[in-house]
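Peer 1: Two chains, two frames, some hints: make the complex.
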Amino acid sequence: MNPLEELLRRVPALLMARRNLSRNRIRSGLAILGIIIGVLAIASLGMFGTTLRTGADQQLGDIGNEISISPNLQEGVEELTDRDVDEIRRAVSDGSVVPIRSDSVLVSRGDQQTVTTIYGMENPGAIYEASDGRVPDRLRQGALVGSGTAELLDIEPGNTIAVDGRTYRVSAVLAEQQGISLVNPNSAVVLPMEDVNGTGYSQVVVSAESGQAANESAVSIREELNEREERVTVFELQSITSGIDQFFGILNTFLIGIGSISLVVAGVSILNVMLMSTIERRQEIGVLRAVGVQRGDIIRMILAEAGLLGTAGGVVGALVALGAGVALNSFVLNDPMATFQPINFFYVVLAVGFGIGTSILSGLYPAWKAANERPVEALRN
Amino acid sequence: MSHIIELQNVWKRYETGGEVVEALKDVDFHTDPGEFVSVMGPSGSGKSTMLNVLGLLDTPTEGTVLLDDRDVTDLSDREMTARRKEFIGFIFQSFHLIPTLSALENVEVPTLFGDDPAARERATTLLERVGLGDRLDHRPDQLSGGQKQRVAIARALINEPRILLADEPTGNLDQETGRSVLDLFDEIRREDDVAIVAVTHDPQLSDYTDRTVELVDGRIQ
Ligand SMILES: Nc1ncnc2c1ncn2[C@@H]1O[C@H](COP(=O)(O)OP(=O)(O)OP(=O)(O)O)[C@@H](O)[C@H]1O
Ligand SMILES: [Mg+2]
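These protein sequence lines map, in sequence, to chains W and Y. Residue numbers are given in my numbering: position 254 of the first sequence equals residue 254, and the series is strictly consecutive. The number in my numbering is simply the position in the second sequence, starting from 1, with 1000 added.
Since the hints were derived computationally from the structure, they do not count as laboratory data. Beta carbons are placed, not taken as given, at the ideal position from N, Cα and C, and that holds for glycine. Any given hint could turn out to be false.
A few chain W residues facing chain Y, derived, Cβ under 10 Å [claimed, not checked]: (1) R19; (2) L73; (3) G76.
If you want the footprint, here are the derived chain Y segments under chain W, 3+ residues with CB under 8 Å [to be verified]: (4) 1071-1085; (5) 1169-1182; (6) 1194-1206.
For reference, chain Y alone in the conformation it holds in the complex (with noise of 0.2 Å):
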């Protein structure tokens, strides 16, 4: 099996006050390298749900993860972090840039706590990548939407993961910064075969991606 990231009869129960959400039931779902898959569904579908538990933020009440093959579902939080760390690049809809810290320094966030002294080399090639390649010192607050995204971009890369896994990455963005963003990581996963999963509403993704799953109620269709 050349499945990177997979998901077995995954359900997901929420108890809130005595009443149970289902956010996923019954949930089978893999992707592979190089793959760009668009998860689409109306709001309250579990979209953001199926996210969390491909990146191993949330675990699933049932079922089983596979990533690269093994067995993640119970591993400890040190094991989570680590693998996270490892495998997989986030990027938030709301960019969740550390204002504190430069754009060189946000890149280099996932290496900071570790030895890793190519790092810095790394992020500078990347923010030349996405084209900030003049803003390496400028903060968050000194940037636009689309150069904040492409920042957040550079910082789910640096640890060259696997899977990059985005949730509404154009949701803040202009038409046309969108179509930039997605011209990006369509390079990314053809030039690094990466394999992306995108939550989203925008409908142009679908130029982009191989296949598009279908989430409603927590299910896919």
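Chain W extracted, bound-state conformation (with noise of 0.2 Å):
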């Protein structure tokens, strides 16, 4: 005997329920591929939703772990000092912290020339790549130029331009930023500190390893520097990208709630083959009552007829809900290997779950009606 008809015979309730379904395969397919559509529906929503969200995610990159220390100028604060500076990196345990001094100069190669910001950094490396030459980790020499001046200018690296008069050699072109930025480097020039008029600093940035962890240093700096007065404004880009994580949020309930409609009207279709099952099985039913099957028998052959509609629609659903992901993500991600994340995997337990509960939530009406059936009625000609 193979394992499941062994496993059939143990279990009365799922044997007499295979056999009333493979009565009417039609009838039987039909409500099973409602619990399909139903599941594919939610498990699919869901999955969507997170191809939406990874894509965000990719697009804004890792904003959410930079945050930004301006003087309070409604405190009469006009620029950071070396004292604050100092008081910043002891509260940023890991991450750089990168002071800026700005200013706005005339900037000019050959004879084109253009008034633009200049920024002097001492560390410019941790937080902006190159697209063209070298960005070192201490700017101790040498101009790095921002994308739009460099077109503008027509500058490449290895180019002499004067900035204020003084003559620098161009180390490297900024990638151009897309999207949000604290300190956007596509219209400006960066120049070591030194060379900037000024003594204090117009912001100081941090760059911290996740977002978290920049949420971490914004509170101990705020704890720090404006213990007696708001001496600073902190600004946290994670603030806008957990609004957006919170809107994704929003989005998914929201898709996962359209895809429950689906199943809704799928239960509705398993209440009624159920129902028409048992009205058809009425004599049959009555049959086995008389012969000593209690009611509750009854109930558990029913609802495990609709438990078994509800297993087989919600496992071919998650199969196909898989294909659907893979499909969606290597179309959108081009990373087929994007669905198989955990949250995934929940949004797929998660429409099963419902197939299944729904199929036996609708399988619990026909159940109860069939059992209290009076065996002396239902056998009545």
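Peer 2: Okay, structure coming up:
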């Protein structure tokens, strides 16, 4: 005897249920199809949401890891001092601190010239990458040119430019920053700190390892520097990214809600199928009751039928949904394996659970109705 | 007392749309192990109603039902079901086999929901005894009327009942097949000491029965 038959013999409700379902294959098949569609809708809409969020995260990059500290002009603080920077360094446990001094000056190459922002930075490598040339860890000499300025003045690494009358060799053209950025270098020139006029700093950028680390740094910086007076304002891009995350959370719930509606429809179709099949089998159920089968066993038998419909629909629906997820992710993200992440398995399990739950719930009324029919009534011809 | 089942002053009334139908009127009835009783009477005289009360499928409006000397009139549905399983085998006029199950599985049905590992063996033996040893895996639609009736008889016997209740057991069979079913009944009550109560219009039954009860208009004559 094979294991399936062995199981069916052990659980007579399952045996009877399976036989009953095979009686009208088309009807059972259609009921299963309803569940497949419902499960597919929930699981694939959930995964669709994940894909959207992953795509958006890729676009945003890791700006959530950066915070910006600027002097609080309303309190009369014009610029940040070396003491402030030291305090910030102490408050930040892991991550690089980049003080920035800025000014606006005339930049020229050959006979072309333009007024741009210049940033003085000691360690621009912590926040910028080069598209051409190399960004040194410590900037002691030479200039880094933003992509916009480079294009305007036709600059390449190795060229010589004049900034505010002094000449610099260009060591790199910076990669164009897309989207949101705390210190946008695109139409600026970055110079060594001491070459920019002034003693204080207009801004300090902290680049941390993760959004959470950035947030922790922001909290301790506020504690340290704003203890006596509101000396600085701390701006976290994380507040934007967490807002975006929240939006996608709502979007996902909404999508899954839409999917659930189709599952409710599938539940109604199972209710219909089970009701019809119990009415058709009224006499048979009467015979079962007459020969000594208890009410509870009748209920179990009919719930097993509904459960089998739900399980079959759930399993097929889950497989189809995973297939759809792979297709979607290879198309949108170019990464089919992005389907197999924990959150997506959660959606699939959720959908299958909903599918089986809906089926069993829909079987309750027909089961109760069949079990409570008096066998004398059912057997009357 | 050795009566296996007994009805004392049983009344059964049906109320339909304000009108009261008295299907059984003060019926006293009993049967002993190994006895074969036929119940006869015109249509609508209450024969099926009496059989249902005897089989614990229906409860009397008034009166008492004793099964194996115990009062079973007011038992719960659960207990009634358990007593039916233990004491009573049913044979229906239209067989009422389950179409999706094989002959063997149909015979096993009364044992299915319960732990009974020997059931399959008993079912096989019973089917061999009713002459269907070579039809174990046939489904009802692959069997003739007489064969179906014999599967139904085997099903009624699977739990070794003390009483066999049959409503028109030969009603759907030709005379010869009917006779072979009646021979089987005769063998069962002799060998297994089972009491048989059969409702019938079939006069050839009287060749087999110990006595005949005549119901007219709900009263035993
Ligand atoms: N559920 C019911 N509701 C109302 N009246 C009923 C019900 N069941 C039976 N009766 C009535 O009780 C009477 C006896 O019915 P019963 O079925 O016992 O007759 P019977 O002797 O078996 O008849 P037949 O030989 O035609 O099968 C009939 O008048 C019938 O109309
Ligand atoms: Mg009748």
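Peer 1: For each hint, tell me whether it holds in the structure or not.
Peer 2: Each hint, compared with the structure:
1. With a cut of 10 Å, the hint placing W:R19 at the interface with chain Y holds, because the nearest CB-to-CB distance is about 4 Å.
2. Contact between W:L73 and chain Y, as hinted, is not supported at the beta carbon level, the nearest pair being about 82 Å apart and thus beyond 10 Å.
3. Against a cut-off of 10 Å between C-beta atoms, the interface hint on W:G76 is violated, since the closest Cβ of chain Y lies about 87 Å away.
4. Look at the stretch 1071-1085 of chain Y against chain W: 6 of its residues bring a Cβ nearer than 8 Å to a Cβ of that chain, three or more, so the hint holds.
5. Coverage of a stretch by a chain is defined here by at least three residues with a beta carbon nearer than 8 Å to that chain's beta carbons; for the stretch 1169-1182 of chain Y and chain W the count is 0, and the condition is violated.
6. Counting residues of the stretch 1194-1206 of chain Y whose CB lies closer than 8 Å to any CB of chain W gives 0, so the stated coverage by that chain is violated, three being the minimum.
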